[in-house]
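Both chains are sitting in their own frames, so use the hints and assemble them into the complex.
In order, the protein sequences belong to chains L and D. The first sequence maps to residues 0 to 386 in numbering that gives the first Met the number 0. The second sequence maps to residues 0 to 599 in numbering that gives the first Met the number 0.
Just so you know, not all the hints are guaranteed correct.
Stated by the list, open to error - If the Cβ cut is set under 10 Å, some of the chain D residues that face chain L in the computed set are:
id, residue
1, M548
2, K550
3, D551
4, V552
5, T553
6, K555
7, Y557
8, I561
9, T562
10, R565
11, L567
12, W568
13, S569
14, Q571
15, M580
Unchecked claim - Computed list of lysine-lysine pairs in DSBU-like fashion (alpha-carbon distance at most 30 Å, straight line):
id, chain 1, residue 1, chain 2, residue 2
16, D, K188, D, K226
17, L, K202, D, K566
18, L, K208, D, K564
Read the hints as simulated data drawn from the structure, not as lab findings. The beta-carbon is built from N, C-alpha and C at its ideal position, and this holds for glycine as well.
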Amino acid sequence: MSIHTQQRPPWLEPRAAYIHVPFCAHHCGYCDFAVAVGKDDRMDAYLDALKSELQSLGTPRPVDTLFFGGGTPTYLPIRILERLLQLVRTWLPLNAGHEFAVEANPSRLDRAKVQLLADFGVNRLSLGAQSFQPGLLRILERDHAPDDVARVVEFVQPIIPNYSIDLIFGVPTQTLDQWQDDMRQAIALAPMHFATYGLTYEKGTRLWKQREKGDVRALDEETEYYFYTAAMDTLAANGFEHYEISNFARFGFQCRHNHTYWANHAHYGFGVGAARYVDGVRELNTRDFHAYIQRLQAGESPTFQSERLEPRDRAFETIAVQLRRAIGIERQQYFEQTGFALDSLVGGTIHDLCGHNLLADDGQNVHLTRSGKCVADAVMERLLRAN
Amino acid sequence: MATKTSLIRNFSIIAHIDHGKSTLADQFLLQTGTITRRNFQDQLLDSMDLERERGITIRMHPVTIYYEHKGVRYELNLIDTPGHVDFSYEVSRSLAACEGVILLVDAFQGVQAQTVANAYLAMEHDLKIVPALNKVDLQMTRIDAILAEMETSLGIDPLEVLRVSGKTGIGIEEALQAIVERVPPPSGKPDAPLRALVYNSHFDVYRGVVVYVRVKEGCIKKGMKIKLMSKGSEHEVLEIGQFRPGMVPCEELSAGQVGYVMAQIRSLGDVHVGDTVTETNRPAAEALAGYKEPKPMVYSGLYPVNNHEFEDLREALGKLKLNDSSFTYMPENSEGLGFGFRCGFLGMLHREIIQQRVERESGLELIVTAPNVTYEVLSRNGEIISIDNPQKVPDAGQIEEFREPIVKASFIVPKENIGDIMKLCTERRGIYIRTEYLSPTRAIIVYELPLAEVIYDLYDKLKSLTHGYGTMDYDVLGFRSADLVRLDILVHKNRVDALSIIVHRAFADQRGRKLVKKLRGEIDRHMFEIAIQAAIGSRIIARETISAMKKDVTAKCYGGDITRKRKLWSKQAAGKKRMKMVGQVDIPQEAFLAVLESDQ
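Isolated chain D, as found in the complex (with noise of 0.2 Å):
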C-alpha cells in the first residue's frame, strides 16, 4: 500500500570510516522490529562476503522501516552509504535518493577528513543534517570537545546533536523521532507522471535484474509499462516491492517511496543508473538529473597467469562490471605477459577488491601489475594524450607537456603531528594550502599534491606517523605539468613493458636503484646469471645481478625414480604458476607489484 508522502522519510547515515554506521544502521532495525533479534546477523546490510571480511560497506543497500510516532505510522527510508574514500561518488548516488542525513561522529575520535567531506557532500544536495554523537556509552568520550570541532568545523549547533550508542541501544529512540521531526517528507506529488531516479541495481541469478528506485514523482504499479527514458527501452513490471530488508513485494510505490522494480530485463547492461524510470502511457516531460558516472583514478594491468584463458577473463570481468559499473576494462598486449586487460579502479580499495572478487568468483589465477593514475601527454603536434599506462608514453621527443592529476588533500591530525605531516607532503611535492585549527588540540591542513603520491601508501603513512589518529580526504582538482619520465625496467636484457613507471625526474635514480634492488630479492636465481636494470630512455641508472645457480640436479635415477621424477617436475611447474616467463626469466606475481614497496 502506497504511503503518504507526509509520512515518508528518507535518509541516510553519513560518518567516517569506523564511526559506528552499520551499527547503528542495525540498532533501528532492531529497535522498529524490522528484523528480530534472532535473525539478526552482525552488521546486516553489508551483505557481500568481501565487505562482511573487511568490515567495510561498499554497495548501498536500502531498507524500509515502519516506525509510529504520536500515533501515526512513519515509512522510514534507509539508504547506507558506503564508508570509503574510494567509494564517494556512491555517497553521492545515495544521497540523491534522500531528504536528510544523520551525520555520525565517534565521540571519542571526532571530526574526522571524511566526516567534513561527507557533510559537505550532504549540504550540497539541501539535505537537512542530524548530527549524532556515537559510542557516547563509552568510558573515555571528548564530547564537549567534539561538538565544539563540530561548531567550528561545520557549523553545527551542539545543542541539535543527539548522542546515541549504536552498541547499547542508548539514544535510539530519540534519533528515529529526530528524522521524523526534522527531516522533511519528499515533496513530489504523487498524481504527476512517473518519474522515478534508478539509484542502483543488481543482478539475481533466478529473477534476472532488480531495479532500485526512489520515486520522484507520480506512482509505480505491478503491471504497469514503464520505459527507461535514456535508453528508451520499454518493458512491464512484473514485481515491485520494498527491503525489509528483504524483499518484500507490494503493490504500489508512490511519490517519495524507495523500493525495487523487477520487469524481465535481462542484463545488467539494459539499466544505467542514473536513469530515469516513467510510464509508457503517460510519460514524463523531462528526467531526472541523474549522476555524473566516476571516473576510475588508478589504473592496472591484469593478466591470466595462464595466456589461454584470456577468454575467461574476459567474461569473469564483464560479470563484475554488470554488478559494479565504477570499474572499467579494456583489452591490451603486454610484450611480457601476453594478452590482458588494463582496468581502471576509483582507488587502491577498490582495486584489491575486484581482483580479489575476480579470483574467487572465476578461480583464475591473475598478474596484477603494478598500478598508475592517469596522466595527460600534450604533444607537440598539439595533442592531448590520456595515459593510462606507462607504456603509451610517447618518445621525449614528441612531449611537449607531461601532466599529471593533482588532488586537494585535507588532513586532520593531532597538532604535535603537524610538523610530520607537512614533511611528508612536501617530500611528496605537495604545496601547502592552508592549516585551521578545529580546536586547540586538531587541526585540518590542506596541500595540493599529486594524485600519484598520494594514492599508493599515503594514507598508511598518514596512520603510522599519527598512530592512527590522523585522517584524509581528497579531491581531484585537475592535471597540471610536471617534469615526469617513463623509467624502464629491463630484466636480462629484454624491457619488461609491464614494470615501467612513471616518475618525477628528480627521484627517478633513487626510484630505479630502489626498484632493481627489490626485483633482484624477487627473482629466483636461474641457470644462468640476470641482469636487472632500470634505464630512463637509452640510458641505464641502475643495475642488480642474480648470480647463476651452481648446482641443480639429482645424481640418482632408477626405474621407479622416473614417475617420481616426473611428479616432482609438474609439482614444481606448479609452483612457478604465479609466475611469467619474459624473455626466459621466469618474474613472479610479487615482482610486478615491487614498484608499490620500493619505497620501504
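Just chain L, same shape as in the assembly (with noise of 0.2 Å):
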C-alpha cells in the first residue's frame, strides 16, 4: 500500500477546473460562446449563482490547472474580479506547481487587473489580439485597436511572464501575406504560446449569416490550406513546437489545462454554458445566463444535458482527442485509461491511413503528420467510423 492516499486516475478524478464568465462589452460576430452583454448589473448575481454551483461540490477540491475563460474574464470590474477570485480560490485551491491561466482582451486590460490577478496566483495569460489588420479586426468585429496589443504586452510581462497570443486565420479577405505579417508582429512581443485558430463558421453566429446572405465569402480551402502549414513553419521556424492542431509553445509553455482536455481527462467546469467530464460522467450547463441565475438561485442544478459514454464509445472519443496532440496516441497509455487494446478497435484503420502518410506510427505511439494534421477532421471521422 502507498502510504499516499489513494488517487483516482485522472481520467475519473478532475484535477483541472474551468471556470465560465461570460460578461464582454461587445458579442463579437464570429463567437458563439456563452456571451453576456450589457448585462453588467447582473455580475453580482452571477457570481452568487457560482457560489451556489462551486459549493454543490461539498468541500473544496484541490487542483492543479484552472482556466478563467469567456466572454471576457478581464472585463469584470477590480472588485467583482478580487471576489471571483477569492472564491474560486476557496473551493478550488491549488496543489503545487499550479498553472492557473486567464482569457483576456486587450482592449480593456490594466496593470492593477494584471496584478491582482498575478496576486491571486495566475500564472499564465492568454491575449486574444486574433489579428494585426485594422479591416481584419474590423470583419471580426473586434473592438481593440492593433497597437493595443503592444501596450498591453509591457505591462503584463513583468508581472506574468508566461502570456500566449491567440491568433485567427481564414477571415473572409485575408490574404497570406496579411497573416504572415500578423504572426511576424505577434512574435516580434515575445509571447511563451501561440494559439492559431481557423476561423468557423458557427451555425447561429452573425458571421454565419452574412455568409449564408452572401455578404461576406468563407476562403477556399486551398488558400485556408496554406495559412495553416504557413503557421507551422513560422511559428517552427521561430522555436515554437506544434504540440497540438491549433497550439504552439516554447519548450516547457504548453497549456497544462488544455492538454486535460486532450487526454480526455476528466475536469470540472462552473459558470454558464461551462461543461465538465467527471467520473465518466459529461455535463454541459445552460447557455441561458437568465436560466443559469435562476436556477441556481432555486436550488437547482444548472445542468442542461447530462451523458455517461459506454466504455466503448469513450474508448473511440479518446482516440479522437489524443490524437489532436503531437504524441498523439501512446499504446500502453491508453489501454490503462480505456480498457481497450487500441489496434483492436483501430489498427486496420491505422494502418490504412500510415500508407497514405495521415498517420505515423512507432509501434507505441500514433500521431498524426503534417498532411495528417491538415484532414485531421477526416481523419479522426474515418477512425470513428470503426465504432
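Have a look at this one:
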C-alpha cells in the first residue's frame, strides 16, 4: 500500500477546473460562446450563482490547473474580479506547481488587474489579439486596435511572463501576406505560446448569417491550407513546437489545462455554458444566462445535458481527442485509460492511414503527420467509423 | 348463389398505357351500382400504394358486376390487366381467365405499340375482341383516322367500334350491352368434376392466403375438400366468394365464375399460380394448361448498406416474393459490397418498384447496382454458361462465343420521326426488319435489337425524339453471338466488381471514358488522391483522378466542444450511410448507377 491517499486516475477524478465568465463589452460576430452583453448589473448575481454551484462540491477540491475563459474574464471590474478570484480559490485550492490561466482582451486590460490576477496565483495569460490588421479586426468585430496588444504586453510581461497570443486565420478577405505579417508582429511581442484558430462559421452566429446571405465570402480550402501550413512553418522556424493541432509553445510552456481536454481526462466546469467531465459523465450547463442564475437561486442544478458514454464509445472518443496532440496516442497508456487495446479497435484503419502518410506509427505512439494534421477531421471521422 | 353459365361473361380491358383503362373500369362499377359514388376512390382497382402513386396497374384485380339486360341479370367478371410492357406476362394470365376483351384505344392518340401487342395476345387466346374508342368527349379527336388505323393494323371492322368516355360516362351502357351480346358465355359444364384455374393469389395478414380462381368446370362449395393438382396438397374450403369489389362470401362458385377461395393455406409458397384446383373426392383427370413462368429480363445486385442487415434483406425479399413470383433472388457476394442478392426483374419499372417496396416496407437502406440483361457464354469445352452478372464472365481465353439476348422491337411513330428512330436503332446495333404504314401519317417500324440496348433508356429516347407520340413494344427472340467484353472499373487500384459491365467491343473505349468521368463526379474527394480507371482485362482504357482534399480540420477544441464534435462525426457517418467503402474509398449509391447515365 502506498502511504499516499489512493488517488483515482485523472480520467475519472478531475484535477483541472474551468470557470466561465460570460461578460463582454460587445458580442463579436464569429463568437458562439455563452456571452452576456449589457448585463453588467447582474455581475454580482452571477457570482452568487457561481458560488452556489461551487458549493455543490461539498468540500474544496484541490486542482492542478485552473482556467478562466469567457466572455472576457478581465472585463470584470477590479472589485468583482477580486471577489471571483477569492471565491474560486476557496473552493478550488491550487496544488503546488499549479497552472492558473486567464483569457484577456487587450482592449480593457490594465496593470492593476494584471497585478490582482498575479496576486491570486494567475501565472498564465492568454491575450486575444486575433489579428494586427485593422480591416480584419473590423470584420471580426473586435473592439481593440492593433497597437493595444503591444501596449498591454509591456506591463503584462514583468508581472506574468508566461503569456500566449491568440490569432485567427482564414478571415474573409485575409491574404497570405497579412497572415504572415500577423505572425511576424505577434512573434515580436515574445510570447511563450501561440494559439492559432482557423475561423469557423458556427451556426447561428452573425458571421454565419452573413455568409449565408452572401455578405461575406469564406476563403477557399486551398487558401486555408496555405494559411495553416504557413503557421506550422513560421512558428516552428521561430522555436515554437506545434504540440496540438492549433497550439504552439516554447519548450516547457504548453498549456497544461488544455492538455486535460486533449488527454480526455476529467475536469470540472462552472458557470453558464460550462462543460465538465467527472466520473465518466459529460455534462453541459445551460447556455442561458438568466436560466443559469435562476436555477441556482432556486437551488436547482444548472445542468442542461448529461451523458454517460459506454466504455467503447469513450474509447473511440479518446482516439479522436488524443490524436490532436503531437504525441498522439500512446498505446500502453491508452489501454490503461480506456480498457481497450488501440489496435483491436482501429488497427486496420491506422495501418491504412499510415499508408497514406496521414498517420505515423512507431509501434508505441500513433500521431498525425503534417499532412494528417491538415485533414485531421477526416482522419478522425475515418477512425470513428470503425465504431 | 351460382349463376347459370349462359349468364356469365368474363372479360378484360386491354389498352396501351394511359388510354384510360382504369377510368373505364371505374365507370362500369359506378353505372352498375357495384360501388356508389360516395365510396368511389379514383381508379378503385389500383389498390397498391405504389400503383396509385404512379397511376399504373401492376397486379390484377378482379371484380364481379351484375348487369340487367332485357330483363335478365348477367354476371360480368372484369379482370383487370396491367398496362406496362414489363408486366405483359400478367396480361396473358388475365386473358386465360376470360372469353373476351374490350380493346380500348385513345380517340386522339390512336393505335399504339401495346394496342397491337395486346390485341395479338387476345387473338392468340381466341378471345372475342370488342373494340372501343375512349375519350370521345375530348375536343381533339381523330376518330376517322384511328378507325382506319385499327382496320389496317388489326383488321377491325369500323362499324364494330364503340365510342365511350370513361371520364363522362358516354357509351358505358352500350359497352355493357356489347359485352353481353358479343362476348360468348363460358363453355364449362357445372356438373363435371371441378377444375378451377388459380390465376393469382395474395396474402392477407388476418385471413391467410386468398386464392383467385376461375372455375372452368364443375363447382366449388364451402366445406368442400379440395386438392391443388400440381402440389398434391389437400385443403378444406373455409370460405369462397366474389370481389364486388370487396370480398363478399357466397355459397358456391360454378363453371364460368370468377372469385376467391380461402382454405387455411398458410403461405403463398404453397399456392402456385397456374395450378388447377380440383375436388379431393371427385378429382378431374387432367389439370388445366396453366402458365409459363415469366423469365426475368434484367438483373441487379441488391445489397444492404449495412452488412449486418443481410438477413433482414433476405427476409424482406422473401416476403415480396410471396406476392410477386415473377421476381427472383439469389445470394451473391461482391468483394466490394459484401453479401447481397442478385435479383431478376421483368424490366426496369419492375426493378424500381421492387427496390422501392423493399425500402418502404422493411426500412432497409439499399445499394442497387447497375442493371444488366442475361447473357450466354459458350465455353471452349462446349458448356453453355448463363451470365446474369458481369462477374461470371470467364476469362477471354475460355470463351468460344459470347451471346446476348435479341428482341424484336416494334415502334409506332409519326411519319416525320421515322428517320430519327432508324438512326437511333442503328446506333444501338439494330437490324432493320420492315416499315408498315398504319395511316398516311403513322408507321410501324420493326427492328431486331440487343435487349441490353433497349431496356435501359430506349423508351425515354423514343419519347423525347417523338415528343411523346412514339410508342414501342418488344418480344424476346433468343440469343445471338456478339463481340462482347467485360469492362472493369478500378477505384484506387481495386477492381470494384459491382461496377463491371458487359459492352460491345466497338463501344468499350467510349463507354469506359464516359463512365470514369461520371464516377469522378460521384465520388467525393478523400484524404488521398484516387485514380479511377476503366480496363478490359489488364488493358487500361481510361483514367480520371480525384485530387486529395487539402484542408479539413477544425482548429479549436475545448472541453465543451468534445460532445459537439462527437455528434458532428456521427452526423457525418450518417451522411455516409448510402456509401460503401471499397478498398479505402467511400463509393456512394449514385456511383453504382453511373453506368446507366454514362450516355448523357
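Against chain L, run the beta carbon of D:V552 and see if the smallest gap drops under 10 Å.
-> Interface hint status for D:V552: holds (4 Å vs cutoff 10 Å).
Answer holds if the nearest beta-carbon of chain L is closer than 10 Å to that of D:K550; otherwise answer violated.
-> holds (4 Å)
Chain L contact restraint on D:Q571 - CB to CB distance below 10 Å = holds (5 Å)
Closest C-beta approach of D:M580 to chain L relative to 10 Å, hint status | Holds, about 8 Å.
How about D:K555: closest beta carbon in chain L under 10 Å, or not?
-> Nearest chain L Cβ about 5 Å off; hint holds.
Would the hint on D:L567 stand, with a C-beta cut-off of 10 Å toward chain L?
-> holds (8 Å)
Is the interface hint for D:S569 satisfied, with its Cβ closer than 10 Å to some Cβ of chain L?
-> Status holds, d = 8 Å.
Holds or violated: D:T562 as interface residue toward chain L, Cβ cutoff 10 Å?
-> holds (5 Å)
Starting from L:K208, check that the Cα of D:K564 is at most 30 Å away, please.
-> holds (21 Å)
Status of the D:I561 interface restraint (C-beta, 10 Å, chain L) = holds (6 Å)
Evaluation of the interface hint that places D:D551 against chain L, nearest CB under 10 Å | Hint on D:D551: holds, closest Cβ of chain L at ~5 Å, below 10 Å.
Any CB of chain L closer than 10 Å to the CB of D:W568?
-> This interface hint holds because 5 Å falls under the 10 Å limit.
The structure agrees with every numbered hint stated previously.
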